[in-house]
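Q: Read off the chains here:
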Amino acid sequence: MSIQAKQEEIIEEFSMFDDWMDKYNYLIEMGNSLEPLDEQYKTEKYLISGCQSQVWLYAWMEDGKLMIRGDSDAVITKGIVSLLLRVYSGEPPAEVYEDDHSFIDQIGLQEHLSPTRSNGLMSMLKQIKLYALAFKTKQEQKDKNE
Amino acid sequence: MSLNTDIQKIRKSFPILKQEMNDRPLVYLDNAATTHKPRVVIDAISEYYNNYNSNVHRGVHTLSQKATEAFENSREKVRETINAASAHEIIFTSGATEAINMIAFSYGEKYIGEGDEIIISGLEHHSNIVPWQLVAERKNAHIKVLPVNEKGELILEKLDTLITKKTRIIAVNHISNTLGTINPVKEIIKKAHNHDIPVLVDGAQGIPHLDVDVQDLDVDFYCFSGHKVYGPTGVGVAYGKEKWLSDIPPYKGGGEMINRVTFEKTTYNDLPYKFEAGTPNIAGVIGLHKALEFVESTGKEKIRQIERELLDYATSQLKQIEGLKIYGEATNKTSVISFLINDIHPYDAGTIFDKLGIAIRTGHHCTQPLMDHFKIPGTVRASFAPYNTKKEIDILVEAIKKVKTMFG
Ligand SMILES: Cc1ncc(COP(=O)(O)O)c(C=O)c1O
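Sequence lines, in order, name chains A and B. Heads up: the first sequence begins at 3 in the numbering used here, then just goes up one per residue. Heads up: the second sequence begins at 5 in the numbering used here, then just goes up one per residue.
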């Protein structure tokens with residue numbers, strides 16, 4: 003499924019909630035079912051700064067796709083990590099890099115994007131884009147050399 | 005009069021409390037971070053800008069004299085409030101943080117050298133840790149920490165073993181912003197003075213709740229912020245005994261703090277101006293005057309009585325919630341409750357509280373070493389002012405129960 007299709011699917015899911023409580027319950031549910039990140043990656047190196055809770059993001063390339071895993075010590079944050087992984091993990095880094103993450107607005111989580119909110123959704127997105135850019139550049143270099 | 009009548013009367017003075025937050029009446033329980041401002045303070049600030057805005061101490065013109073008079077009247081009010089021996093021992097700063105930095109720098113320049121020791125406590129706000137670390141780094145001095153017990157009280161007996169011939173200053177807060185513990189600063193000062201060591205008290209949380217008499221405490225330096233005592237942001241006070249303030253060098257240079265400047269040598273102005281370089285926060289200083297008057301006319305005793313009742317009520321209600329743990333159970337504490345619910349992350353709880361219209365603080369409250377002591381990432385902190393009501397505490401209790409089920 004493309005990034006776009008996955009975003010549309012999420013927007014569809016969120017449109018069924020009519021109050022914030024359901025929305026947060028859903029985030030909590032997703033947070034609780036997020037596959038935990040291997041302890042070896044829960045280090046300073048993978049820690050995202052700018053969050054009131056701790057968030058770790060780890061990425062690697064597999065068959066030309068950007069693979070991301072993440073975790074947090076707070077459940078709502080974990081739910082947000084889970085959303086981001088669902089959309090971006092397993093996609094080509096160039097596409098991840100270029101995506102404008104408009105779905106955040108559409109599912110009513112834009113308040114979490116504001117820089118004054120310290121849950122760091124902005125920082126997480128930035129880190130994912132950074133990973134995407136790094137792997138994209140590496141791949142382009144490799145293609146050029148071949 | 006009943007408690008609620010008193011509260012409602014005080015509440016009326018605070019215009020902000022009328023509003024709604026996320027479609028619910030605002031429940032503001034973050035008073036240790038900053039208190040709201042009564043109308044008299046807001047009006048005094050706008051009156052200054054509307055009617056006599058002018059720079060202080062510089063012009064002979066009438067407007068400037070009027071501003072200067074209001075500015076200096078505020079200094080006198082601060083002096084009276086903390087019972088300083090003289091008004092020139094009151095230095096206006098931008099807040100407690102700048103006040104502590106100023107004293108740490110200026111005192112440190114003159115009196116702290118290589119191998120010397122600075123004692124702080126395990127309960128300190130970063131504002132009373134980092135300035136001393138900066139001095140220690142610059143001077144190759146060391147920081148020693150007076151430890152905290154499980155109830156969140158300082159272990160005073162340990163002070164005797166911490167004090168050595170190399171101790172140059174002790175810096176401790178009057179009240180812990182995270183736990184509400186009221187620290188035995190008078191005893192600490194007595195012990196320190198037995199060894200001729202001066203003491204700085206971070207009174208950021210002390211001033212809003214306690215009667216502070218700097219002469220009775222015999223404290224050498226006392227620092228606080230205006231905004232935590234119903235005054236404006238951007239103004240604060242560094243009190244210092246005259247003997248220290250005239251002795252230590254200035255912290256910043258500029259206009260107003262000089263006597264005579266040539267390119268070869270500058271002689272400094274008298275106290276307090278030696279420490280007040282640059283145009284000060286005139287409106288803030290004037291607002292602070294009104295805030296202190298507000299506290300006086302409300303009555304610190306009344307404020308304490310209401311806060312004590314709110315604290316007791318909240319503590320007993322919160323203790324009934326299974327899985328809720330209160331951090332900071334000092335015998336002597338003010339209206340602050342830090343807590344965690346089961347193993348729910350304070351950030352998660354805070355997000356839901358916000359949605360429910362409750363302004364409450366979550367996180368480490370700028371006291372990371374204290375959080376490390378309890379081995380927790382942070383807490384949820386409710387802090388009460390005399391405009392809070394028991395009903396608001398009931399709303400908090402309901403919200404905690406909701407959080408418990410959501411994350412349960
Ligand atoms: C105990 C204590 N000290 C110092 C400060 C710093 O005050 P300000 O940020 O107003 O300078 C605070 C504020 O949170 C505090 O609670």
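Rather than coming from a laboratory, the hints here were simulated on the basis of the structure. Keep in mind that a hint or two might mislead.
Lysine-lysine pairs mimicking BS3-like chemistry, simulated, CA-CA at most 30 Å apart [what the hints assert, rightly or not]:
no., chain 1, residue 1, chain 2, residue 2
1, B, Lys-329, A, Lys-44
2, B, Lys-155, B, Lys-304
3, A, Lys-44, B, Lys-22
4, A, Lys-25, B, Lys-405
5, B, Lys-408, A, Lys-44
6, A, Lys-47, B, Lys-379
7, A, Lys-25, B, Lys-408
8, B, Lys-22, A, Lys-25
9, B, Lys-16, B, Lys-148
10, B, Lys-247, A, Lys-25
11, A, Lys-128, B, Lys-359
12, B, Lys-395, A, Lys-25
13, B, Lys-359, A, Lys-8
Q: Hint by hint, note whether the structure agrees.
A: Verification of the hints:
Taking the CA atoms of Lys-329 of chain B and Lys-44 of chain A, the gap is about 27 Å. The hint holds against a cut of 30 Å. Straight-line distance between C-alpha atoms of Lys-155 of chain B and Lys-304 of chain B comes to about 26 Å, which keeps the hinted pair within the 30 Å bound. A C-alpha spacing of about 45 Å is found between Lys-44 of chain A and Lys-22 of chain B, which places the hinted pair above 30 Å, so the restraint is violated. Simply put, Lys-25 of chain A and Lys-405 of chain B have alpha-carbon atoms about 18 Å apart, close enough for the 30 Å limit, and the pair holds.
Straight-line distance between C-alpha atoms of Lys-408 of chain B and Lys-44 of chain A comes to about 27 Å, which keeps the hinted pair within the 30 Å bound. Distance check on the hinted pair: Lys-47 of chain A and Lys-379 of chain B sit about 22 Å apart at the alpha-carbon level, within 30 Å; holds. The hinted pair formed by Lys-25 of chain A and Lys-408 of chain B meets the criterion: a straight-line CA distance of about 17 Å does not exceed 30 Å. Between Lys-22 of chain B and Lys-25 of chain A, the direct Cα distance comes to roughly 29 Å. Compliance with the 30 Å bound is thereby established for this hinted pair.
The hinted pair formed by Lys-16 of chain B and Lys-148 of chain B fails the criterion: a straight-line CA distance of about 46 Å is larger than 30 Å. Distance restraint check for Lys-247 of chain B and Lys-25 of chain A: the Cα-Cα separation of roughly 62 Å exceeds the 30 Å cut-off, and the hinted pair is therefore not satisfied. The straight-line distance between the Cα atoms of Lys-128 of chain A and Lys-359 of chain B is roughly 26 Å, inside the 30 Å bound, and the hint therefore holds. With a C-alpha separation of about 28 Å, the suggested pairing of Lys-395 of chain B with Lys-25 of chain A holds against the 30 Å cut-off.
Of the pairs offered as hints, the one joining Lys-359 of chain B and Lys-8 of chain A holds, with about 28 Å between alpha carbons and a cut-off of 30 Å not exceeded.
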